[in-house]
Amino acid sequence: MEKMKIMLVDDEERFLKTTKKLIEKKGYEVLTAQDGEEALGKLKSQNVHVVILDVKMPGMDGNETLKAIKTLYPLVEVIMLTGHATVDSAIDGLKSGANDYLMKPADIDEIVEKATEAFEKRQRLEEKIRLAQTKKYMRSPREILKGDDE
Amino acid sequence: MEKTNRERKEKEKQLKRSILTNMIIVPFIPFLLAMGVSFYFFTTALENNTVNSLKRIVEDHCDMIESFLVERQSDLEFITNTYNFEEINSTKAINTIFENLKNRSGAFVDLGLFDSQGIHIRYFGKYQLKGKEYKDEVWFKKVMQTGYYISDVFLGYRNIPHFIIAVRQNSGDKTWVLRATIDTQYFCTLVSKVRIGRTGEAYILNKYGVAQTLRRSGGIQVLEKDQDYLKFPKSQNSLQTFVNIDSAKNKYLYATIWLKNREWLMVVRQEKKDAYKSFYSALYISLMIMVIGGAIIVVIAIYTTEHILKRIEHLGIEKESLGNQLIRAAQLAEIGEMAAGFAHEINNPLQIIKSEYTLIETLMDDVFGKDGMEKNEDIIDIEDSVDQIKLQVNRCSEITHAILKFGRKNETKEQLLRPFIVIPEIISMIEKKAVVGGIEIIKSISEQAPGFMGDPSQFQQVILNLFNNAMDAIEERHGSSGGRMSVAVCRKNENRIEIKITDNGSGISPENIEKVFSPFFTTKPVGKGTGLGLSVCYGIIESFGGTMKVNSEQNVGTTFVISLPAIH
Chain H
1 MEKMKIMLVD DEERFLKTTK KLIEKKGYEV LTAQDGEEAL GKLKSQNVHV VILDVKMPGM
61 DGNETLKAIK TLYPLVEVIM LTGHATVDSA IDGLKSGAND YLMKPADIDE IVEKATEAFE
121 KRQRLEEKIR LAQTKKYMRS PREILKGDDE
Chain F
1001 MEKTNRERKE KEKQLKRSIL TNMIIVPFIP FLLAMGVSFY FFTTALENNT VNSLKRIVED
1061 HCDMIESFLV ERQSDLEFIT NTYNFEEINS TKAINTIFEN LKNRSGAFVD LGLFDSQGIH
1121 IRYFGKYQLK GKEYKDEVWF KKVMQTGYYI SDVFLGYRNI PHFIIAVRQN SGDKTWVLRA
1181 TIDTQYFCTL VSKVRIGRTG EAYILNKYGV AQTLRRSGGI QVLEKDQDYL KFPKSQNSLQ
1241 TFVNIDSAKN KYLYATIWLK NREWLMVVRQ EKKDAYKSFY SALYISLMIM VIGGAIIVVI
1301 AIYTTEHILK RIEHLGIEKE SLGNQLIRAA QLAEIGEMAA GFAHEINNPL QIIKSEYTLI
1361 ETLMDDVFGK DGMEKNEDII DIEDSVDQIK LQVNRCSEIT HAILKFGRKN ETKEQLLRPF
1421 IVIPEIISMI EKKAVVGGIE IIKSISEQAP GFMGDPSQFQ QVILNLFNNA MDAIEERHGS
1481 SGGRMSVAVC RKNENRIEIK ITDNGSGISP ENIEKVFSPF FTTKPVGKGT GLGLSVCYGI
1541 IESFGGTMKV NSEQNVGTTF VISLPAIH
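Residue numbers (my numbering), protein chains in the order written: chain H, 1 to 150; chain F, 1001 to 1568.
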């Protein structure tokens, strides 16, 4: 089984540092980014499964970043972290493809729990994709060759 | 403050004055005009009528007296034309003629025959006048001059007021005069026969103002001079009317007419009061109507003014309280927004504190927890302190979450809520807690009560909040028995329904009751309440288009009244 890789995106540096330590203690791999651009840059080069994304950030805010992630990397699961209790912003996030949302201040356990759920969902999805592809190959082995051609 | 108060009082007074003046003057003008005009026309008509009737009476009466005198004169002329001097110049003849005359008219008292020298040669009557000489008497001179004469009243030899009618006859070389005396009594009766009203009377004066007949009301005797005569207007017209005040200060309405070739003046007079009796009763009635009508107008004006002012004052108070409510609502909204922004910013540092705490906890576990290392006192203190941090961070986050809830302006889904469905649902949520607290819940929710528009979860939040507050208050006063909480829903009027939640708890003190809806106001011990519950409720009910009020008495209980627009 693949090990879950989490990316934390928040403008609070200390939060990133401490939370990274805590999650790593639980045995997961953690990346951090201080803003949306950095996050997108890191996603380009690394295979991240779950992004914990703060809604309110300077520059590119949470919702914009979410949209960009979902466009570029649709398989990456995103959990919104909001300081605002407005269900509105959370709903906006969910509509734009976020997997779930968390209210600040959130427990580490909570964060990890939600992340795990999202990761499992992603795993199931990947499993399905793999199965579908396998079926496709089984039906027509030539497809593999074709695919290779491309 | 005092100045504005005084100004307002002054304004109020001014307003009252102007309303009152208008209310009185406006109806008074047409009222007075109508009264005045009708009174003027009525009295003019009445006056003309009275004067005319007096004129008519004096004319008729004058005609009557004139014709009486003419008739008596004709009686005598008839005799002088029928008889010659020799025939008449005997006692027997005179007697017979007098008897005949007496039959014609009871006015004759006696009859006498005079020769051209004025010697009374024949006489029939009760006085001893035979043989007396009248040559120098005025009447005799006149009759010799003009052929006939009707005298004024005079005393004569007999010393009794009387007047005479005399005619002269020339037959051949003989000139003689026949004279008859008219009964004063008879004549007086004839003249004063006129009766008009209570005081109307008629009498005759000669051209010097000497009374020729008695006046029924007295005052002057026959042959006395009428003092008022001097005051009569002198005019060429035979007939005239005027008003005169007599010596006894009574106002009289006079009508006078000359008769007997302007020798006698027939006077008909009536006390003005009497003549204008109907005029005066009309005047009194008019005055009475005016006074009563005026009084009614004034009373109505005062009453209406009071009513209007009360209404204005009431509206003013309503406006003020509405204004206060608006200000309060705006303040609440502002505070809400500010608090929300503030809470949002606080959440970030809280998040960091929480993470740091978790890290410390984890590290502590790592260092001390696993291998059962003995903890010294300091370590235990650190652990306790860290636990406190956790506790306080959680408390902060509770507060910030409540603030954010209070300040949020998210879209809500309004739908028709029926009180008899939603309220029992909410009651069922707290029923267990109520039973434990020994609180009796009394429901009176009519199925006929109309519904209202609102977000169900928000409504639930409001009612739960009120229930919880009520139960806290009950617990504070009664402990775990004897509590009572009632929920009543009724239709207040066509457009509103009212939800009343009443408890018999500890109540709210008067100094706090103003502040219950203010955010962050709480009487609960630190850490037990955020002070936002009721202000959130207030905001929610307001967003439903309703209002929320509270009545409370300490150690009796509290009632929250929610009024909402009804939907049928």
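Hint data in this document are derived by calculation from the structure and do not stem from the laboratory.
It is possible that some hints are incorrect.
Simulated DEER-style distance windows between Cβ atoms [stated by the list, open to error]:
| # | chain 1 | residue 1 | chain 2 | residue 2 | range |
| --- | --- | --- | --- | --- | --- |
| 1 | H | T71 | F | L1416 | 35 to 43 Å |
| 2 | H | G59 | F | R1008 | 51 to 59 Å |
| 3 | H | T71 | F | L1391 | 38 to 46 Å |
| 4 | H | E64 | F | E1553 | 31 to 39 Å |
Predicted, not measured: the structure shown is a model, and the values here were computed from it.
Cβ atoms here follow ideal geometry from the backbone N, Cα and C, with glycine treated the same way.
Consistency of the hints with the structure:
1. H/T71 to F/L1416: 35 to 43 Å: Given a distance of about 41 Å, which is inside 35 to 43 Å, the answer is holds.
2. H/G59 to F/R1008: 51 to 59 Å: 58 Å, holds
3. H/T71 to F/L1391: 38 to 46 Å: For F/L1391 against H/T71, whose Cβ atoms are near 43 Å apart, the range 38 to 46 Å holds.
4. H/E64 to F/E1553: 31 to 39 Å: The hinted range 31 to 39 Å is violated for H/E64 and F/E1553, with Cβ atoms some 56 Å apart.
Comparing the model with each earlier hint shows a violation of hint 4 alone; every other hint is respected.
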